[in-house]
Amino acid sequence: MPTLDDYNTGRTPAWCPGCGNFAILKVFKEVYLELDIEPHQFVIVSGIGQAGKFPHYLKCNTFNGLHGRALPVATGVKLANHEMLVVAEGGDGDCYGEGGNHLMHAIRRNIGVKLFVHDNQIYGLTKGQASPTSMEGMVTKNQPFGVLSEQLNPMTLAIALDCSFVARGYAGNQEHLKGLIKEAIAHRGFSLIDILQPCVTFNKVNTYQWYQQRVYPLETAYDPEDRVEAFRKALEWGDRIPIGIIYRNNRPSMEERVPVIKDLPLVKQPVIPEEIKKALEGTLKEYY
Amino acid sequence: MFLFYRLYNEKKEAYLDYSIKIGGEAGQGIQTIGDTLSKVFSRSGYHVFTHQDYESRVRGGHNFYQIRFSDTPITASRTKIDIIVVLDKESIALHEGELSEKGMIIYDSASLKEKYERPNFLDVPFAGIALDVGGDRIMANTVATGAVLGMLGINIDIFNEVMKKTLSKKSEEIIKANEKAALAGRDYAKTNCISCDFSIAPPALKKMLIGVNEAVGLGAIASGLKFYSAYPMTPSTGIMTYIAGKAKEYNIIVEQAEDEISAINMALGASFAGVRAMTGSSGGGFALMVEGLSLAAMTETPIVIALAQRPAPATGLPTRTEQADLLFALYSGHGEFPRVIFAPGTPEQAFYLTNRAFEISQKYQIPVFILTDQYLSDAQWTYPDLDLDSLIYNDYRLRGNAFAALPEYKRHAITESGVSPLGVPGEAKHVIVTDSDEHDEEGHLIEDGETRIQMVIKRLFQKLLYIRGEMMPPCLYGSENPEIIITGWGSTYGVMKDAVDILQKDKRIAMLHFSEVYPFSNEEAWLELMRKARLSICVENNATGQFASLVRLETGYVFDAIVNRYDGRPFLTEELIGELNAHIGRL
Chain A
1 MPTLDDYNTG
11 RTPAWCPGCG
21 NFAILKVFKE
31 VYLELDIEPH
41 QFVIVSGIGQ
51 AGKFPHYLKC
61 NTFNGLHGRA
71 LPVATGVKLA
81 NHEMLVVAEG
91 GDGDCYGEGG
101 NHLMHAIRRN
111 IGVKLFVHDN
121 QIYGLTKGQA
131 SPTSMEGMVT
141 KNQPFGVLSE
151 QLNPMTLAIA
161 LDCSFVARGY
171 AGNQEHLKGL
181 IKEAIAHRGF
191 SLIDILQPCV
201 TFNKVNTYQW
211 YQQRVYPLET
221 AYDPEDRVEA
231 FRKALEWGDR
241 IPIGIIYRNN
251 RPSMEERVPV
261 IKDLPLVKQP
271 VIPEEIKKAL
281 EGTLKEYY
Chain B
1 MFLFYRLYNE
11 KKEAYLDYSI
21 KIGGEAGQGI
31 QTIGDTLSKV
41 FSRSGYHVFT
51 HQDYESRVRG
61 GHNFYQIRFS
71 DTPITASRTK
81 IDIIVVLDKE
91 SIALHEGELS
101 EKGMIIYDSA
111 SLKEKYERPN
121 FLDVPFAGIA
131 LDVGGDRIMA
141 NTVATGAVLG
151 MLGINIDIFN
161 EVMKKTLSKK
171 SEEIIKANEK
181 AALAGRDYAK
191 TNCISCDFSI
201 APPALKKMLI
211 GVNEAVGLGA
221 IASGLKFYSA
231 YPMTPSTGIM
241 TYIAGKAKEY
251 NIIVEQAEDE
261 ISAINMALGA
271 SFAGVRAMTG
281 SSGGGFALMV
291 EGLSLAAMTE
301 TPIVIALAQR
311 PAPATGLPTR
321 TEQADLLFAL
331 YSGHGEFPRV
341 IFAPGTPEQA
351 FYLTNRAFEI
361 SQKYQIPVFI
371 LTDQYLSDAQ
381 WTYPDLDLDS
391 LIYNDYRLRG
401 NAFAALPEYK
411 RHAITESGVS
421 PLGVPGEAKH
431 VIVTDSDEHD
441 EEGHLIEDGE
451 TRIQMVIKRL
461 FQKLLYIRGE
471 MMPPCLYGSE
481 NPEIIITGWG
491 STYGVMKDAV
501 DILQKDKRIA
511 MLHFSEVYPF
521 SNEEAWLELM
531 RKARLSICVE
541 NNATGQFASL
551 VRLETGYVFD
561 AIVNRYDGRP
571 FLTEELIGEL
581 NAHIGRL
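Line by line, the protein sequences give chains A and B. For the first sequence, my numbering assigns the number 1 to the initial residue and increments by one for each residue that follows. For the second sequence, my numbering assigns the number 1 to the initial residue and increments by one for each residue that follows.
Think of the hints as simulated: they come from the structure by calculation, not from any bench. A hint or two may mislead.
Claimed, not checked - Here are a few chain B residues that face chain A, going by a calculated C-beta distance under 7 Å: (1) Ala-222; (2) Ala-273; (3) Gly-426.
What the hints assert, rightly or not - In silico DSSO-like pairs for lysine-lysine, Cα to Cα no more than 27 Å straight-line: (4) A:Lys-285 - B:Lys-246; (5) A:Lys-262 - B:Lys-246; (6) A:Lys-182 - B:Lys-429; (7) A:Lys-285 - B:Lys-429; (8) B:Lys-80 - B:Lys-165; (9) B:Lys-176 - B:Lys-165; (10) A:Lys-277 - B:Lys-206; (11) A:Lys-285 - B:Lys-206; (12) A:Lys-29 - B:Lys-410.
Said to hold, decoys possible - To give a feel for the contact side, a few chain B residues facing chain A, derived at Cβ under 10 Å: (13) Asn-192; (14) Cys-196; (15) Asp-197; (16) Leu-218; (17) Ser-223; (18) Met-233; (19) Ala-247; (20) Asp-259; (21) Asn-265; (22) Asp-385; (23) Glu-427; (24) His-430.
As the structure is a computational prediction, the values presented were derived from the model and not from experiment. Built from N, CA and C at the ideal position, the CB exists for glycine as well.
Kindly produce the complete structure, drawing on both the sequences and the hints.
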């Protein structure tokens, strides 16, 4: 049984004091500890941004790749070793902006990757530009006339694509978030959790106080399997913002449907040159 | 000193050397006729070379399929054609001038709605015969194929074997009808082609007929490939299609990614997870991959990339050929890092070099390119066999007990060779950490200059030193004491060799062919040879002579002349000889 210390990397986070990422980091360490998943038993693939640095502060197998490209890498890892827990981590700019196309197709594939988006509705690392989830009208140094584009709603987007697990969490409600993450990990297919997280340095609109006044956990009677109701719930953004599992279905994951890995993960399948050679002798006959 | 491939040189005069062209619109079945005839020739034991020329459309336009076959080894297409099968009028206008002295055009006057009375035209009612004997016009192409075999006097039994294999999923009835149609076509041609004068050598041992995309795919499979992700793009798609066709048999995951960015990143993910992974594309698609290439370099994740060139910029000429992405492949990706570029000149080289690409990329944890082009991708060659015993497979990954037994593990540990231990995630308690940011030995991101310098020395300088030692020198063919040297790389191998075969009858001429293009090997005998020669010519299927620039950059050597072709078409032997003679004549 690991201890919390086993997840420490000994590196000091480069985040601002008060950053929502600290709370998220703490929750994740507790989740892995409580689920008894040791550092070598999972992989975090991350992108670029403040959230992309996550695995440098949480000990595990780590592939900190390119901006926007965590999902393709995570998909490759999962297909090569589907018995491994594969987590993709990034911010709103990373996952919804630069990597938007990959999100769409990861959802379609229903690859069993867990995507946790640290959504602070702003670009932190590049110092305060609008992100896809910034609210219309937000003025920044780079958007002097305010954000002109419609705010992206990752929840409705995911439900429209029939994403098999769609949830929203909040860094300010750690126990709730922990429960969500555990559900996402237990889910058979692709899971998306959009984690609302204040950026204390750059986002002066969506502050702790702002979220605190609006965020509420979904009622226990809420049925996340009802897609139409889920869509209605996902549209809720304003005075009240629901957190919890908004939509869920049980369609089979991609790795369950790839025939060549039915018996063994790809990486566990031994490569035996003599056997390949023997098979090739048969294949070469096709050319005569 | 030099690389010697199996050259298959039989020092004898060719008894026969015929070229056949099938021309028409896309969708008329040119490829079916071409593929069938090529297979019949290779199964009859002849040496075969085929190449294709087609437009970027599914129907219409003008396309052709060219086959050359002989009883001695051949490596390129010739411009003079002995039999042209025309399926449309445009083919006559475009290709009649290419007919050899005894050459014949066969056509169906009923389909073309025109009769040609010239002596070298043979009117065969393809559709009419098909309807009469097979009961369906659809077998017109089978009649045409039979007619060609009749003109040449080639045994029809082998055709029947090939056809049965191709139509294995069709009913016995359809196969029988096709047999009858081919026979009727053959008999018609035999009876009516009074001026046909072709001599056929007796059949020999049957040969394998294989193209480069298949050879790259086979080479990858032979190397233990487990994961291939790509986005379709001509002319690289054939590799993906081939591997997908073998995915079940060899337990390979082939994933069509949403774009090329995803394709290379997926392959890197699979490689990081511990399996051999590959991607492939052409110029524009590869342009999207270059950030991923740089990621492969920084994270030291092994990957093999097939880059099938076509004319650019941008969409360029999608179905045509060019060798203009050599310097792009060489300089693609931001930052400085080692890479290896192989450019096979034949399907056989493509097979072995793909195997070597996996070996080198795994050993040094670097990206390795297989650079081909449309001409090469769509060409087919014959061989007696492929030697499977010379394949290399070494697993350089740390797995299982060997990994678990290590007291400590650092993914990017500094070592003398520059190569750090590559563990498989999950196989031991050690975690594997890597980063696109500059990182320390453990793989965590850093900012300090000292660590950066150590990493550059390890990742770039140390590795490159050892990689250079692995690289093979160019292949020398022709005179061993040449006065004239023609140099090239990749797909020009065959046509340069063909030109040397012809020119060396009265000249001291040799070819230097680079299939291991970058980095240059430490062996520099080839440079001495070029310095001693009276005339050195670099032959390139591009506008600027990119390889010549690279040679100058790496060695300071300047070629006396460069022969370029950049109309999107490959060099053909006679044209290349013409260009070479223009320079040789000035000696």
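To see whether the hints hold, each was checked on the structure:
Interface restraint check for Ala-222 (chain B): the shortest CB-CB distance to chain A comes to about 6 Å, inside 7 Å, so the restraint holds. The interface hint given for Ala-273 (chain B) is met, as the beta carbon of that residue sits about 4 Å from the closest beta carbon of chain A, less than 7 Å. The beta carbon of Gly-426 (chain B) comes within 5 Å of a beta carbon in chain A, closer than 7 Å, and the hint placing it at the interface holds. Among the hinted pairs, Lys-285 (chain A) with Lys-246 (chain B) is consistent with the structure: their alpha-carbon atoms are about 14 Å apart, no more than 27 Å.
This hinted pair checks out: Lys-262 (chain A) and Lys-246 (chain B) have alpha carbons roughly 17 Å apart, not beyond 27 Å. Taken as a hint, the Lys-182 (chain A) and Lys-429 (chain B) pair is honoured in the structure, with Cα atoms around 23 Å apart against an allowance of 27 Å. Between Lys-285 (chain A) and Lys-429 (chain B) the alpha-carbon distance is near 45 Å, which puts this suggested pair outside the 27 Å criterion. Between Lys-80 (chain B) and Lys-165 (chain B), the direct Cα distance comes to roughly 31 Å. Violation of the 27 Å bound is thereby established for this hinted pair.
Restraint check for Lys-176 (chain B) and Lys-165 (chain B): the C-alpha separation of about 13 Å stays at or below 27 Å, so the hint holds. The hinted pair formed by Lys-277 (chain A) and Lys-206 (chain B) meets the criterion: a straight-line CA distance of about 21 Å does not exceed 27 Å. Proximity of Lys-285 (chain A) to Lys-206 (chain B) is assessed by CA-CA distance (about 11 Å); at most 27 Å being required, the pair is judged to hold. About 22 Å separates the Cα atoms of Lys-29 (chain A) and Lys-410 (chain B), which keeps this hinted pair within 27 Å; it holds.
Checking Asn-192 (chain B) against chain A by beta carbon gives a least distance of about 33 Å; that is not within 10 Å, so the hint is violated. Hint status for Cys-196 (chain B): violated, given a least beta-carbon distance of 29 Å to chain A, over 10 Å. Using the Cβ-Cβ criterion of 10 Å, the hint placing Asp-197 (chain B) at the interface with chain A is not satisfied: the shortest such distance is roughly 30 Å. With 10 Å as the threshold, the beta carbon of Leu-218 (chain B) comes within range of chain A, its nearest partner Cβ sitting at about 7 Å, so the hint holds.
Hint status for Ser-223 (chain B): holds, given a least beta-carbon distance of 8 Å to chain A, under 10 Å. For the restraint placing Met-233 (chain B) at the interface with chain A, the shortest Cβ-Cβ distance is roughly 17 Å, beyond the 10 Å limit, so the hint is violated. Hint on Ala-247 (chain B) holds. Least Cβ distance to chain A is approximately 6 Å, under the 10 Å limit. Given the 10 Å rule on beta carbons, the hint for Asp-259 (chain B) holds: about 6 Å separates it from the nearest Cβ of chain A.
Nearest Cβ of chain A to the Cβ of Asn-265 (chain B): about 4 Å, under the 10 Å cut. The hint holds. The restraint placing Asp-385 (chain B) at the interface with chain A holds, with a minimum CB-CB distance near 7 Å, inside the 10 Å limit. The closest approach between the C-beta of Glu-427 (chain B) and any C-beta of chain A is roughly 8 Å, which is under the 10 Å cut-off, so the hint is satisfied. Below 10 Å, beta-carbon pairs count as interface contacts, and His-430 (chain B) has one with chain A at about 6 Å; its hint therefore holds.
This entry does not satisfy hints 7, 8, 13, 14, 15 and 18, going by the numbered hints stated previously.
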